[in-house]
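*Asks:* Below are the chains, spelled out letter by letter.
There are 2 protein chains.
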Amino acid sequence: MTTIGDEAVTIGLDLGGTKLQAALVDARGEVSGGGRRPTDAERGPDGVLADLVDLAEELVASADRSVLGVGVGVAGQVDPETGTVMRAPNLEWRDFPLKARLEAAIDLPVFVINDVQAATYGEWTCGAGRGARDLVCMFVGTGVGGGVVSGGSLMRGCGGTAGELGHTTLDWHGPRCTCRNRGCLEAFASGWAIAQRASEAATKDPEGGRTLIDLADGEVDGLTAEIVVHAAHEGDPLALRLMRETGEALGVGIASIANAFNPCMVILGGGVIEGMPELVTLAEAEARRRALEAALDPLEVMKAGLGKHAGTVGAAMWARHGLAKAGPE
Amino acid sequence: MTTIGDEAVTIGLDLGGTKLQAALVDARGEVSGGGRRPTDAERGPDGVLADLVDLAEELVASADRSVLGVGVGVAGQVDPETGTVMRAPNLEWRDFPLKARLEAAIDLPVFVINDVQAATYGEWTCGAGRGARDLVCMFVGTGVGGGVVSGGSLMRGCGGTAGELGHTTLDWHGPRCTCRNRGCLEAFASGWAIAQRASEAATKDPEGGRTLIDLADGEVDGLTAEIVVHAAHEGDPLALRLMRETGEALGVGIASIANAFNPCMVILGGGVIEGMPELVTLAEAEARRRALEAALDPLEVMKAGLGKHAGTVGAAMWARHGLAKAGPE
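Chains as they are written, first to last, in the working numbering: chain A, 1058 to 1386; chain B, 1058 to 1386.
Each hint should be verified, as a subset may be incorrect.
Examples of chain B residues toward chain A, derived with CB under 8 Å [what the hints assert, rightly or not]:
1) Ser1210
2) Gly1214
3) Gly1216
4) Thr1218
5) Ala1219
6) His1224
7) Thr1226
8) Asp1228
9) Val1309
10) Phe1318
Just so you have them, the derived chain B footprint on chain A, three or more residues with Cβ under 8 Å [said to hold, decoys possible]:
11) 1212 to 1219
12) 1225 to 1236
13) 1313 to 1325
Don't read these hints as lab results, they were simulated from the structure. Just so it is clear, CB atoms sit at the ideal spot from N, CA and C, and this is done for glycine as well.
Chain A extracted, bound-state conformation (with noise of 0.2 Å):
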């Protein structure tokens, strides 16, 4: 490893499948310029790659430092060899060469990672995490994603899918999950998790659901984990009983994933976790309940720092790691 100009910067493109974003990122994770789009998935994988050019050579030209290379991370799952991406659904884009193509059209080096991979990269180097040696995030928004620093390194697996810990079971007979899999975390503690149970509940009981279903524009299909949010804020019970079964299901996954990784520290990060910061102290408590007495003497579990930047520092950092392995410029 060598220590690569502390002056200069690294572009972090985040890539996700509603929106691209772009921030010019120093050594120490401070952003001192950026950009956004949507994600135009139609136009297909070149129509997309043609944008995060535009945003890059943007962000070069905008530079008053020397720009050194370009980290990508990607919603789907990349080759850690090669930097393809191989499957990505909301792109649905399969074996793209995303790091080949970046730097056939642009002159700079590029890594490609896994976006939520970059993000707990991110947490970890500029973010809440910084120091840990092992450490695990869990972004907790539409889905729940998360990723792993084991040993002072970014776990990648052997596939570069390593940190699904949204599909980690807490109930084998429980909901269907969107991956198939039956009672995984994410079927009980997303945004689209927590939608469902309001629809549930409110439709189960029209009386205790009203303030919901009012908020909602008298639509119960229409009911979001931002209005649950919303009316939890506002002191409703309905709500307040969702968050509270939300931050328990988050302790139960949190106590698995303590077990098996034995983290020093658990960071939260995500729309829903934004939304209602609480929800870490009431699954920190649950996880307490559950976890291994050994795996609990040395876990924090906090919020994630970089909020809505996560993405984009991560990957300009993640750049930078890539650089310094390689050696010199």
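With chain A fixed as given, assemble chain B onto it according to the hints.
*Replies:* Okay, now just chain B, sitting in the frame of chain A:
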């Protein structure tokens, strides 16, 4: 890292709650001598230490080649930095500086590690897992223990307890586990859980449980996992159902574990698996119904290769690893 004496041997000690085992092991994991005695935990750490020293010295005296060092796998939590045994409930040890005390007693470098992590290291370096960069071992005996190799390194975790896979929750409202959590993998698939489920089933349906009860000399509370395995091999329908359910529970756990760690291999070992190797196929089938497609792509599920030697061979290979890391002799 340096390469150390291919002609020389190391000693592997396996310190369990009921027995001490020792082996002289060469660079390829071949065992050329060994010893064992019961663990006399009542004599306290000093008494057990004296027995370990005796076993090691007997092997040094018997060796026809140079002995480079000693690895010890301990049924407990080991501080990765100091080699102190922080807790070992079966031995009733707390904070016993095993590495320091052994090194003071025998004139060889000593490397201490958790016993299941040692067995995992053995399977990885000399057993079924040779050559894999990412693998998970699960040992199903009286309890269920585990170990993980990630990115070409044995995972230790923040407090040295990474890989406690037996306490992965399968059903958060399920049966109470020995660890105080509910519905752990161990509470469904371990030796004690199989015995318990057999007793419950035979109590509920004495007719269906006749064969099992007879094998336990008429004592339904005397049922053991060994009896269930024996009866299953004789074709007893209840025993077969219990084993199918055990395989299913293992598969549910493996699905969570495959999603979280994305290993190339899951290796199953321990007394229950050795007694009923069919469980490997049953567990794999269930895991394939549940895990993410991306996690399944690279995944092999297989039986452990070293049998009862995994612990001592792994500890000896761990010593070799420690010596290589520390540099030339």
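*Asks:* Would the hint on B/Phe1318 stand, with a C-beta cut-off of 8 Å toward chain A?
*Replies:* This interface hint holds because 6 Å falls under the 8 Å limit.
*Asks:* Per the coverage rule (Cβ-Cβ under 8 Å, at least three residues), is the segment 1225 to 1236 of chain A covered by chain B?
*Replies:* holds (count 7)
*Asks:* Hold the hint about B/Gly1214 up to the distance rule: shortest CB distance to chain A must be less than 8 Å.
*Replies:* 3 Å, holds
*Asks:* Given a cut of 8 Å on the nearest C-beta pair, is the interface hint for B/Val1309 held or broken against chain A?
*Replies:* Status holds, d = 4 Å.
*Asks:* Hey, does the B/Ala1219 contact hint survive, CB to chain A under 8 Å?
*Replies:* 4 Å, holds
*Asks:* Given that the segment 1313 to 1325 of chain A was listed as covered by chain B, double-check it with a C-beta distance under 8 Å for 3 or more residues.
*Replies:* Coverage by chain B holds for the segment 1313 to 1325 of chain A (8 residues, Cβ < 8 Å).
*Asks:* Can you tell me if the segment 1212 to 1219 of chain A counts as covered by chain B, using C-beta to C-beta distances under 8 Å and a minimum of three residues?
*Replies:* The restraint on the segment 1212 to 1219 of chain A holds, since 8 of its residues have a Cβ under 8 Å from chain B and three suffice.
*Asks:* Just to be careful: measuring from the Cβ of B/His1224 to every Cβ in chain A, is the smallest value less than 8 Å?
*Replies:* 4 Å, holds
*Asks:* Holds or violated: B/Thr1218 as interface residue toward chain A, Cβ cutoff 8 Å?
*Replies:* 5 Å, holds
*Asks:* Should the hint that B/Ser1210 touches chain A count as held when the rule is a Cβ pair under 8 Å?
*Replies:* Holds: closest Cβ of chain A sits about 6 Å from B/Ser1210, inside 8 Å.
*Asks:* Regarding the hint that B/Thr1226 lies at the interface with chain A, is the smallest CB-CB distance below 8 Å?
*Replies:* 5 Å, holds
*Asks:* Restraint: B/Asp1228 near chain A, CB-CB cut 8 Å. Satisfied or not?
*Replies:* 5 Å, holds
When the structure is compared with the earlier hints, no violation turns up for any of them.
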